[in-house]
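A.B. asks: Letter by letter, the chains look like this.
2 protein chains.
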Amino acid sequence: MTKKSFPLSKVYGLLEPGPVVLVMTARDGNPNIMTMSWHTMIEFEPPLVGCVISNRNYSFGLLKATKECVINIPTLEIAEKVVGCGNTSGAIIDKFKKFGLTPKSASQVRAPLIEECYANLECRVVDTKMVAKYCFFILEVVKAWIDPTVKNPRTIHHLGSDSFMVAGKKIKLKSKMK
Amino acid sequence: MTKKSFPLSKVYGLLEPGPVVLVMTARDGNPNIMTMSWHTMIEFEPPLVGCVISNRNYSFGLLKATKECVINIPTLEIAEKVVGCGNTSGAIIDKFKKFGLTPKSASQVRAPLIEECYANLECRVVDTKMVAKYCFFILEVVKAWIDPTVKNPRTIHHLGSDSFMVAGKKIKLKSKMK
Numbered sequence: 000m001t002k003k004s005f006p007l008s009k010v011y012g013l014l015e016p017g018p019v020v021l022v023m024t025a026r027d028g029n030p031n032i033m034t035m036s037w038h039t040m041i042e043f044e045p046p047l048v049g050c051v052i053s054n055r056n057y058s059f060g061l062l063k064a065t066k067e068c069v070i071n072i073p074t075l076e077i078a079e080k081v082v083g084c085g086n087t088s089g090a091i092i093d094k095f096k097k098f099g100l101t102p103k104s105a106s107q108v109r110a111p112l113i114e115e116c117y118a119n120l121e122c123r124v125v126d127t128k129m130v131a132k133y134c135f136f137i138l139e140v141v142k143a144w145i146d147p148t149v150k151n152p153r154t155i156h157h158l159g160s161d162s163f164m165v166a167g168k169k170i171k172l173k174s175k176m177k
Numbered sequence: 000m001t002k003k004s005f006p007l008s009k010v011y012g013l014l015e016p017g018p019v020v021l022v023m024t025a026r027d028g029n030p031n032i033m034t035m036s037w038h039t040m041i042e043f044e045p046p047l048v049g050c051v052i053s054n055r056n057y058s059f060g061l062l063k064a065t066k067e068c069v070i071n072i073p074t075l076e077i078a079e080k081v082v083g084c085g086n087t088s089g090a091i092i093d094k095f096k097k098f099g100l101t102p103k104s105a106s107q108v109r110a111p112l113i114e115e116c117y118a119n120l121e122c123r124v125v126d127t128k129m130v131a132k133y134c135f136f137i138l139e140v141v142k143a144w145i146d147p148t149v150k151n152p153r154t155i156h157h158l159g160s161d162s163f164m165v166a167g168k169k170i171k172l173k174s175k176m177k
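As they're listed, the protein sequences go chains A and B. In terms of numbering that gives the first Met the number 0, the first sequence opens at residue 0 and continues consecutively. In terms of numbering that gives the first Met the number 0, the second sequence opens at residue 0 and continues consecutively.
In short, the hints are calculated from the structure, not lab data. Just so it is clear, the structure is predicted and the values come from calculations on it, not from any experiment. Among the clues, some could well be false.
Where chains are identical, the list cannot tell them apart; a pair therefore holds if satisfied intra-copy or between any two copies.
To be verified - Below, computed lysine to aspartate or glutamate pairings styled on EDC-like, alpha-carbon distance capped at 20 Å:
1. LYS66 / ASP126
2. LYS9 / GLU76
3. LYS169 / ASP93
4. LYS169 / ASP126
5. LYS175 / ASP93
6. LYS169 / GLU76
7. LYS150 / ASP161
8. LYS150 / ASP93
9. LYS132 / GLU44
10. LYS171 / ASP27
11. LYS169 / GLU79
12. LYS173 / GLU79
13. LYS150 / ASP27
14. LYS175 / GLU79
15. LYS128 / GLU42
16. LYS128 / ASP93
17. LYS175 / ASP161
18. LYS171 / GLU79
19. LYS175 / GLU115
20. LYS173 / GLU76
21. LYS9 / ASP161
22. LYS177 / GLU42
23. LYS171 / GLU76
24. LYS128 / ASP161
25. LYS96 / ASP126
26. LYS168 / GLU76
27. LYS3 / GLU115
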């Protein structure tokens, strides 16, 4: 799979539909993966993303310390690996090995991309004012990658506990919205 | 359509999949509707929701002044009305009349519910610290309603400009996630 550079001005369209994502952090060359659904766009360009990473997660400390991460967007093909990452702690196991995911070097941050995800967003933490109260980080996407062969990504969307919705058909509506 | 009270502890499962929603505000008995996709859960219970409401929108001033709103979750059946609300300004027209939507009294807030939406979340603004910088409001859901006859809501999810994804099939995965 060869990823292509994706315009930062279009990143909002990847996250706005609300997919489950895999957040990569890394310290001292040791990467960790976290499954996350609590994210929102905050600004179009530069793209800002707000997200909740609970302080009960191993990733919380890594993100606070390194101020860098990669948001990877998975599809149905690897849904079981995604849920597996959400069910285990990186404090205990190496999730890349356990779930057969492939790390690839990012261009702007030290955390790696996940090759098996159709889109990868390299991010830097730009605002931590809401971290103490809500574990809410504001990230700036500094580089984006996409698999150009995936036209209708079957992203997965969490409905609570063990239920997920798979992205259905695409429709066009006469919208003036950006 | 008769709505039933919905447990606050389950509200996250309605918003976490990332649907386009209609935000209702009202002042002096004049309601306004805004289409919104930039929202995320912040806490399970009491359910806290973070959302961006641009200060270019008429709703921004209403929400700041009244500190109350209703988040309504529409489905494919009324998708054209939803997009219509996003394409027009409540400063100029009465969206309820123009799009044939029905306001219903809420129980905890003065803004009305939209009857045609399968779920309605009555909200109060609880934190405005990020409003000046990011137009980011934190809301607490104080009362939730659902149409119990809708088992697989075909929510709509914005992919950017005139493209939308319609919620597809529901799947179960062995998740320990809440």
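A.B. asks: Any hints from earlier that this structure breaks? Give me their numbers in increasing order, please.
C.D. replies: 2, 3, 4, 8, 10, 13, 16, 19, 24, 25
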